[in-house]
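Residue numbers (the numbering used here), protein chains in the order written: chain A, 695 to 935; chain B, 62 to 567.
These are calculated hints, taken from the structure and not from any lab test.
On a predicted model such as this, the values are computed, not experimentally measured, just so you know.
One should not assume that every hint holds.
Pairwise CB distance ranges, derived in the manner of DEER restraints [unchecked claim]:
(1) Val334(B) with Arg784(A): 51 to 61 Å
(2) Lys876(A) with Asp84(B): 20 to 30 Å
(3) Glu733(A) with Ala115(B): 39 to 49 Å
(4) Lys876(A) with Leu485(B): 43 to 53 Å
(5) Ala312(B) with Arg822(A): 53 to 63 Å
(6) Ser466(B) with Ala787(A): 26 to 36 Å
(7) Glu789(A) with Arg464(B): 46 to 56 Å
(8) Ala787(A) with Arg65(B): 44 to 54 Å
(9) Ala787(A) with Val248(B): 46 to 56 Å
(10) Leu485(B) with Glu789(A): 21 to 31 Å
(11) Arg540(B) with Gln798(A): 49 to 59 Å
(12) Glu856(A) with Lys487(B): 37 to 47 Å
(13) Gln190(B) with Glu791(A): 55 to 65 Å
Result set (SDA-like, lysine to any residue): computed pairs, CA atoms no more than 25 Å apart in a straight line [what the hints assert, rightly or not]:
(14) Lys876(A) with Glu474(B)
(15) Lys491(B) with Lys890(A)
(16) Lys890(A) with Met177(B)
(17) Lys107(B) with Glu732(A)
(18) Lys923(A) with Leu201(B)
(19) Lys371(B) with Arg494(B)
(20) Lys876(A) with Gln535(B)
(21) Lys79(B) with Ala894(A)
(22) Lys371(B) with Asp344(B)
(23) Lys487(B) with Met513(B)
(24) Lys876(A) with Lys371(B)
(25) Lys487(B) with Arg756(A)
(26) Lys371(B) with Thr80(B)
(27) Lys876(A) with Arg418(B)
(28) Lys923(A) with Trp516(B)
(29) Lys468(B) with Gly815(A)
Partial list, computed: chain A residues near chain B (C-beta under 7 Å) [said to hold, decoys possible]:
(30) Asp727
(31) Glu733
(32) Pro859
(33) Ala863
(34) Cys866
(35) Tyr914
Backbone N, C-alpha and C define an ideal beta-carbon position, used for all residues, glycine too.
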Amino acid sequence: MNKVSLFIPCAVDAVLVSVGEATVRLLARLGFDLIYHEEQTCCGQPAITAGYLDLAREAARRFIEIFEEDEVVVSPSGSCVSTIRNEYPRLFADEPEWQQRARQLGQKVYELSQFLVDVAGIEDVNARFEGKLAYHKSCHVLRALGIDRQPQMLLQNVKGAELVPMNLAHECCGFGGQFSVKYPYISEAIVGDKVKNFLASGADVLVVSDPGCLLNISGYLHRHHPERKVRHLAEVLAGTI
Amino acid sequence: MKLRPEDFQSVAREEVAKTAQRDFVIMVAGVFNYLCDTAMGAYGDKEEQDKARALGAQIRENTLHNLPQLLEEFEKNATSNGIQVLWAADAEEACQLVKGLVEKHQVKTITKGKSMISEEIGLNHFLEQETGVKIYEGDLGEFIVQQRGTLPFHIVGPAINLTVQEIASILQEHIDMPYTETAAEIVSYVRTFLRDKFERADMGITGVNQAIASTGSLILVENEGNIRWVTSAPRVHVALMSIEKVCASFADAFHLLGLLTRNCTGQAITSYVSILNGPRRDDEEDGPEAMYVVIVDNGRSAAYQDPHLKEALRCIRCGRCGIQCPIYGRVGAYPYGWCYPGPMGNVIAPLIMGLDRTRDLYEACTLCGGCQSVCPGGTPHLDLISRYRHMKVTGDERFGGTRVSLKERAAFELMNRGMQNPALYKSGLKIARSYINRRSQDGYISSLPGPMSGWFTCRDFPQLPEKSFRERWQEDLQREAAQLAGSAAAQQEAAAHNYHLKHRPR
Ligand code: SF4
Numbered sequence: 695m696n697k698v699s700l701f702i703p704c705a706v707d708a709v710l711v712s713v714g715e716a717t718v719r720l721l722a723r724l725g726f727d728l729i730y731h732e733e734q735t736c737c738g739q740p741a742i743t744a745g746y747l748d749l750a751r752e753a754a755r756r757f758i759e760i761f762e763e764d765e766v767v768v769s770p771s772g773s774c775v776s777t778i779r780n781e782y783p784r785l786f787a788d789e790p791e792w793q794q795r796a797r798q799l800g801q802k803v804y805e806l807s808q809f810l811v812d813v814a815g816i817e818d819v820n821a822r823f824e825g826k827l828a829y830h831k832s833c834h835v836l837r838a839l840g841i842d843r844q845p846q847m848l849l850q851n852v853k854g855a856e857l858v859p860m861n862l863a864h865e866c867c868g869f870g871g872q873f874s875v876k877y878p879y880i881s882e883a884i885v886g887d888k889v890k891n892f893l894a895s896g897a898d899v900l901v902v903s904d905p906g907c908l909l910n911i912s913g914y915l916h917r918h919h920p921e922r923k924v925r926h927l928a929e930v931l932a933g934t935i
Numbered sequence: 062m063k064l065r066p067e068d069f070q071s072v073a074r075e076e077v078a079k080t081a082q083r084d085f086v087i088m089v090a091g092v093f094n095y096l097c098d099t100a101m102g103a104y105g106d107k108e109e110q111d112k113a114r115a116l117g118a119q120i121r122e123n124t125l126h127n128l129p130q131l132l133e134e135f136e137k138n139a140t141s142n143g144i145q146v147l148w149a150a151d152a153e154e155a156c157q158l159v160k161g162l163v164e165k166h167q168v169k170t171i172t173k174g175k176s177m178i179s180e181e182i183g184l185n186h187f188l189e190q191e192t193g194v195k196i197y198e199g200d201l202g203e204f205i206v207q208q209r210g211t212l213p214f215h216i217v218g219p220a221i222n223l224t225v226q227e228i229a230s231i232l233q234e235h236i237d238m239p240y241t242e243t244a245a246e247i248v249s250y251v252r253t254f255l256r257d258k259f260e261r262a263d264m265g266i267t268g269v270n271q272a273i274a275s276t277g278s279l280i281l282v283e284n285e286g287n288i289r290w291v292t293s294a295p296r297v298h299v300a301l302m303s304i305e306k307v308c309a310s311f312a313d314a315f316h317l318l319g320l321l322t323r324n325c326t327g328q329a330i331t332s333y334v335s336i337l338n339g340p341r342r343d344d345e346e347d348g349p350e351a352m353y354v355v356i357v358d359n360g361r362s363a364a365y366q367d368p369h370l371k372e373a374l375r376c377i378r379c380g381r382c383g384i385q386c387p388i389y390g391r392v393g394a395y396p397y398g399w400c401y402p403g404p405m406g407n408v409i410a411p412l413i414m415g416l417d418r419t420r421d422l423y424e425a426c427t428l429c430g431g432c433q434s435v436c437p438g439g440t441p442h443l444d445l446i447s448r449y450r451h452m453k454v455t456g457d458e459r460f461g462g463t464r465v466s467l468k469e470r471a472a473f474e475l476m477n478r479g480m481q482n483p484a485l486y487k488s489g490l491k492i493a494r495s496y497i498n499r500r501s502q503d504g505y506i507s508s509l510p511g512p513m514s515g516w517f518t519c520r521d522f523p524q525l526p527e528k529s530f531r532e533r534w535q536e537d538l539q540r541e542a543a544q545l546a547g548s549a550a551a552q553q554e555a556a557a558h559n560y561h562l563k564h565r566p567r
């Protein structure tokens, strides 16, 4: 009975499809039976951060109804998992019944590395990569979910790879959803520093665990340093770099 | 130049372009973060540090829970210590009260200890205009900023963004200092200059770090000794505090101060800690003849009425959130247009200056949570910022918010509904794909007109794959996954790891 329900965020569904594929291959290869609810859509994070809480509540109810029967839900996005775990209960502060349902669901929704290490007890996925890796500690993974050790442990156990330290690895990459579009001049300064630190780390690949960071950093790298790579944790672990 | 939060964008653009300043601030922030982390190490490992912060948050919670009672108790005990307690509803009233004291005591010269609340109410400017007294800031950084006529760059390092050359020029221009780039010579010149003022001052004005309700005492921390001087030498001492700066007991205050100094300068305690229990008594040699505490509300009690918004009053002004903030690190203090820059300003300014004027403060945030993770007062920055965004959308009139336009709302609603409806989502994605991919070169697009254009000032965007994940799943991924999971190797994996899904709620 190793069923895992996949929560594939919209950015992965529409843009970063390879991250979704890597997640599938990784989990399947580890013997998990995957379920994917085809009616799933957006979890409502953009509505929450923009302040449209009534719209977010609609999205949240829908999400809860789709996923609440699952045994465990796994997603390759820390910020979307944090939305379910941390934001949903707050959204329903005045609706105790929904809040209860949100809490119950939240307890079984996991970010990928958190699921592998904390729930399934897997610290080595038998991946291989020849070269140096640096890990960017995506904000929601690190601070909203408190996940730090898990992704690094998985990366350390990738055969042939060396996990190298990176200055200010814990600092935001400057994405912030709407922020990157509304305040591009500030966002640029932040992502520019992130990339500087990546280059200085000497790593071949920068690993992130959130689709937002991936879009932001890869977009910047493609413009300024097209020869450098940033990849999602799932891609490194699935060996699809 | 008078800075205002409504000019955030234009000022931020200018500031972000100063790359040398930016690199310097990031470097200094790194050093301070290191010092503060090291100092926090005195509490023990990460878990113990979290406990210390949690206790700080609890003390602040108690204060907010019992605020009216604590203030009354403080007033009663301070009064019996001979301190006169005055109440000001807003900035104007606070300034008028101090002006009244200046006139009553025939004050000519004022020296000051660094105080954020006096910056908040614009006291220096007001008194100089209205009374003609001379005011001298006693803190070196604040003194430099005062001469320069700008906002403090950071609440504990007001002039941290200025180079020694800039400082030398400012002091040469304003206090006739012979130009020197030697820090020790600058300090020595300012010291001599200020000592004379300290000796002649009739009134000292300071802020308050914590007021103790149970004894009616004030505690002030500093490193330069100027506050000690300002509170003991002049005839009159006026301390300004905002309503939330009170706590129940000395034990509470000292825990908070331990967190404050560790998160401020990375010190276990500052070089000077002054505990003031009233004016000079008959048998004492030092101390002011008269001592006043002005308790300033300035919009805080309106926030206090709301069970969620009152959380914005937890701050103890350590400034740590600023050095954690990626936005503050790049744009500095000036865009915030007020004396509280960075995350601490993002949460307090909207409640005091109104949601409309401060829109960029709570919008220019990536919600990274760096601030919240270090805050010793337990300020829920992210929750507050999300609330302000929501209050803007709905037009919360209590705090000067105008509802967003119907057009803006309709556009968002349409997009959101589209995202929620699988059929609409699918057709929307199709349209977006063909629109975006038409512009693609080598798998990326480098510009798009319209609301997304900001993205492309420094970044490209990948073209959208011909098939979405959902489509890939339906087509063959699902089958592939089942095969992979069913393979002998995977089954072996599964058996070897013997997975048991133990749901561990966090
Ligand atoms: S909000 Fe918290 S971290 Fe920021 S200055 Fe206030 S007490 Fe310090």
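Against the structure, the hints:
| no. | hint | verdict |
| --- | --- | --- |
| 1 | Val334(B) with Arg784(A): 51 to 61 Å | violated, 39 Å |
| 2 | Lys876(A) with Asp84(B): 20 to 30 Å | holds, 24 Å |
| 3 | Glu733(A) with Ala115(B): 39 to 49 Å | holds, 41 Å |
| 4 | Lys876(A) with Leu485(B): 43 to 53 Å | violated, 25 Å |
| 5 | Ala312(B) with Arg822(A): 53 to 63 Å | holds, 57 Å |
| 6 | Ser466(B) with Ala787(A): 26 to 36 Å | holds, 27 Å |
| 7 | Glu789(A) with Arg464(B): 46 to 56 Å | violated, 23 Å |
| 8 | Ala787(A) with Arg65(B): 44 to 54 Å | violated, 34 Å |
| 9 | Ala787(A) with Val248(B): 46 to 56 Å | holds, 53 Å |
| 10 | Leu485(B) with Glu789(A): 21 to 31 Å | holds, 26 Å |
| 11 | Arg540(B) with Gln798(A): 49 to 59 Å | violated, 32 Å |
| 12 | Glu856(A) with Lys487(B): 37 to 47 Å | holds, 43 Å |
| 13 | Gln190(B) with Glu791(A): 55 to 65 Å | holds, 59 Å |
| 14 | Lys876(A) with Glu474(B) | holds, 19 Å |
| 15 | Lys491(B) with Lys890(A) | violated, 36 Å |
| 16 | Lys890(A) with Met177(B) | violated, 36 Å |
| 17 | Lys107(B) with Glu732(A) | violated, 42 Å |
| 18 | Lys923(A) with Leu201(B) | violated, 47 Å |
| 19 | Lys371(B) with Arg494(B) | violated, 46 Å |
| 20 | Lys876(A) with Gln535(B) | violated, 36 Å |
| 21 | Lys79(B) with Ala894(A) | holds, 22 Å |
| 22 | Lys371(B) with Asp344(B) | violated, 43 Å |
| 23 | Lys487(B) with Met513(B) | holds, 20 Å |
| 24 | Lys876(A) with Lys371(B) | violated, 29 Å |
| 25 | Lys487(B) with Arg756(A) | holds, 17 Å |
| 26 | Lys371(B) with Thr80(B) | violated, 37 Å |
| 27 | Lys876(A) with Arg418(B) | holds, 17 Å |
| 28 | Lys923(A) with Trp516(B) | holds, 19 Å |
| 29 | Lys468(B) with Gly815(A) | violated, 50 Å |
| 30 | Asp727 | holds, 6 Å |
| 31 | Glu733 | holds, 6 Å |
| 32 | Pro859 | violated, 14 Å |
| 33 | Ala863 | violated, 12 Å |
| 34 | Cys866 | holds, 4 Å |
| 35 | Tyr914 | holds, 5 Å |
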